[in-house]
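There are 4 protein chains.
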Amino acid sequence: MQVINQGLEKELFNYLVHSIENTPYYQLLGVKIRLLGPGLAELDAEVSQQHTNPLGAVHGGLYMSLADAAMGNAVRSLGIMAVTVDCTTSMISGASLGETIKARGTLEKVGKNLIFASARVITGEKLLATTKGTFYRVGLIDINHGS
Amino acid sequence: MQVINQGLEKELFNYLVHSIENTPYYQLLGVKIRLLGPGLAELDAEVSQQHTNPLGAVHGGLYMSLADAAMGNAVRSLGIMAVTVDCTTSMISGASLGETIKARGTLEKVGKNLIFASARVITGEKLLATTKGTFYRVGLIDINHGS
Amino acid sequence: MQVINQGLEKELFNYLVHSIENTPYYQLLGVKIRLLGPGLAELDAEVSQQHTNPLGAVHGGLYMSLADAAMGNAVRSLGIMAVTVDCTTSMISGASLGETIKARGTLEKVGKNLIFASARVITGEKLLATTKGTFYRVGLIDINHGS
Amino acid sequence: MQVINQGLEKELFNYLVHSIENTPYYQLLGVKIRLLGPGLAELDAEVSQQHTNPLGAVHGGLYMSLADAAMGNAVRSLGIMAVTVDCTTSMISGASLGETIKARGTLEKVGKNLIFASARVITGEKLLATTKGTFYRVGLIDINHGS
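Residue numbers (this note's numbering), protein chains in the order written: chain G, 79 to 225; chain Y, 79 to 225; chain D, 79 to 225; chain W, 79 to 225.
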């Protein structure tokens with residue numbers, strides 16, 4: 079599936095897509111990038127048996143990982159390198175195996191050092207989880223030298 | 079490595095260990111159970127390249143997943159089936175590849191419907207993350223019929 | 079200032095306005111109700127010297143109290159009595175003395191037992207704080223017999 | 079009641095006690111300092127009718143304000159000026175009117191820019207709330223020139 083570029087400068091967009099598609103933790107969980115824009119990222123994952131917890135339901139860690147990834151890449155879409163400081167998630171509903179869950183990460187405020195983000199995880203019209211995250215800026219992305 | 083039983087009735091202990099060792103999401107992430115006691119669970123994971131984020135550091139999702147798992151199994155150690163409602167994590171330090179990170183989940187209060195838990199993620203003496211979680215009770219574990 | 083009714087049945091609206099205007103903690107902090115709708119509440123407070131912390135800035139407790147109040151009354155606007163379970167706030171910017179800060183509480187999901195809400199605290203166009211809250215339903219509001 | 083000094087240098091201790099006792103928001107809520115040590119603060123408040131919410135119970139904002147104050151002063155006990163970034167509270171039980179509620183704030187990690195703290199709010203042996211907070215350092219306390 080093609081990744082949608084909703085307004086990013088092409089070089090940054092290509093850099094981020096390549097970086098995300100080669101991120102080991104995303105590959106491990108089956109997380110894929112779908113859309114990037116300035117201060118905006120959407121990633122999704124198809125829920126399968128490998129994501130289930132001892133109750134046979136999707137483990138909360140998947141929602142949290144996906145939401146964190148969406149927020150983190152919303153930050154990166156501004157060319158900012160940052161680390162997650164605080165991440166809080168409410169688990170509202172569960173997804174079923176075979177469904178695709180999507181997290182949309184957006185930014186509330188981009189401060190000098192701290193960046194405040196949020197994400198919603200959905201499947202279709204159904205809200206699965208809401209997340210709020212705080213990030214700490216550690217530098218700028220250098221497209222030419224990786225990271 | 080043998081799992082430590084710190085005071086659980088043997089049948090429940092064996093049931094939980096077997097259940098955890100066969101949980102797909104834990105297998106996917108490499109999460110292993112190390113200790114169970116009443117209201118207490120310790121799980122760990124050896125950090126490897128597959129857990130890394132676009133910066134090459136361990137993805138926050140791993141700390142959150144491990145902490146959620148430790149809290150969830152601390153709840154299950156009382157024979158309670160519950161789902162995570164809220165989970166909030168502070169990322170304090172990062173682990174290095176090759177290190178084993180351990181989450182210890184404990185319970186603050188076991189109410190009729192809501193259970194309040196917390197977890198600390200460490201490697202050696204170093205504190206990596208602190209987590210607070212709220213769980214909603216959905217039933218009791220039936221050792222004889224699974225879940 | 080008149081309280082705006084954005085779609086509540088008149089009896090419930092009047093009941094809630096009267097109840098809020100007579101709530102001691104709101105009176106103590108100077109918190110006033112401005113708008114009620116189904117699943118929606120706006121309250122505000124004029125920031126004054128009495129709200130300041132040891133640094134002379136507005137104490138975070140005021141933002142948290144106002145946000146909690148906005149979420150709690152968004153829940154009550156549906157005729158539901160509930161208690162706050164989890165409340166998490168990010169402090170994004172500070173208000174200045176003399177400014178009026180407003181919290182708008184909305185609902186993400188109204189479950190059988192758990193209700194998920196969020197609030198934004200602003201002054202003018204400036205975002206001061208974002209809050210996420212989880213509430214536990216304890217009953218229904220009985221307009222004729224108080225609470 | 080005398081404030082306990084559990085190991086702070088006398089000048090800083092006196093400065094902080096004086097500062098806290100003259101903090102308007104604490105006076106408004108009836109919050110009093112009881113103990114200070116390095117990375118440690120205990121404050122309390124006698125719960126009265128003025129703290130009640132529309133249900134007649136203690137408003138969650140009081141627990142959150144008290145917990146934030148305990149964490150903030152635990153930070154200040156190290157001579158650090160900081161602002162709250164994130165604050166998340168679980169409301170576990172409620173206090174009754176006439177009871178004294180106490181928050182104990184401690185520090186998990188003091189980083190260069192970020193400080194991670196937690197607090198527990200109790201009355202007697204009963205746990206009322208647990209809080210986790212992240213603070214951002216803005217400078218050092220200058221005992222001779224206020225703040």
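Derived from the structure by calculation, the hints contain no laboratory data. Don't take every hint at face value.
Repeated chains share a single entry, so a pair holds when one copy, or any two copies, can fit it.
As the list claims (entries may be wrong) - Simulated pairs of lysine to aspartate or glutamate, DMTMM-like, Cα-Cα distance not exceeding 25 angstroms: (1) K190 <-> E124; (2) K204 <-> E89; (3) K187 <-> E177; (4) K204 <-> E186; (5) K180 <-> D220; (6) K88 <-> E177; (7) K204 <-> D220; (8) K190 <-> E99; (9) K88 <-> E124; (10) K204 <-> E87; (11) K204 <-> E124; (12) K190 <-> E203.
### K88 and E177: within-copy, between-copy, both or neither at 25 angstroms Cα
So K88 and E177 fail the 25 angstroms test inside a copy (31 angstroms) and across (38 angstroms) alike.
### Task
Since the copies are identical, ignore which copy is meant and state whether K180 and D220 lie within 25 angstroms (CA to CA) inside a copy, between copies, both or neither.
Cα proximity of K180 and D220: none, with 28 angstroms in one copy and 33 angstroms across.
### Message
Cα distance capped at 25 angstroms. Does K204 pair with D220 within a copy, between copies, both, or neither?
### Response
Neither: 37 angstroms inside a chain and 30 angstroms across chains, both beyond 25 angstroms.
### Query
From the Cα coordinates, with 25 angstroms as the cut-off, is the pair K204 and E124 best called within, between, both, or neither?
For K204 and E124, the Cα distance is within 25 angstroms only inside one copy (15 angstroms; across copies 35 angstroms).
### Message
I want to check one pair: K88 and E124. Are their C-alpha atoms no more than 25 angstroms apart within a copy, between two copies, both, or neither?
### Response
Neither: 27 angstroms inside a copy, 37 angstroms across copies.
### Task
Since the copies are identical, ignore which copy is meant and state whether K190 and E203 lie within 25 angstroms (CA to CA) inside a copy, between copies, both or neither.
between (35 angstroms within a copy, 19 angstroms between copies)
### Message
I want to check one pair: K190 and E99. Are their C-alpha atoms no more than 25 angstroms apart within a copy, between two copies, both, or neither?
### Response
Neither: 29 angstroms inside a chain and 33 angstroms across chains, both beyond 25 angstroms.
#### Entry: Homo-oligomer pair classification [E124, K190; C-alpha up to 25 angstroms]
So K190 and E124 fail the 25 angstroms test inside a copy (36 angstroms) and across (28 angstroms) alike.
### Task
Please work out whether the CA atoms of K204 and E87 approach to 25 angstroms or closer within one copy, between two copies, in both situations, or in neither?
Neither way: K204 and E87 sit 32 angstroms apart in one copy and 28 angstroms across, limit 25 angstroms.
### Message
Within a copy, between copies, both or neither: which one fits K204 and E186 at a CA-CA cutoff of 25 angstroms?
### Response
both (23 angstroms within a copy, 11 angstroms between copies)
### Task
Please work out whether the CA atoms of K187 and E177 approach to 25 angstroms or closer within one copy, between two copies, in both situations, or in neither?
between (32 angstroms within a copy, 20 angstroms between copies)
### Query
Under a CA distance limit of 25 angstroms, which applies to K204 and E89: within one copy, between copies, both, or neither?
Neither. Shortest intra-copy (34 angstroms) and inter-copy (32 angstroms) distances fail the 25 angstroms Cα cut-off.
Hint compliance for this structure: hints 1, 2, 5, 6, 7, 8, 9, 10 are broken, all remaining hints hold.
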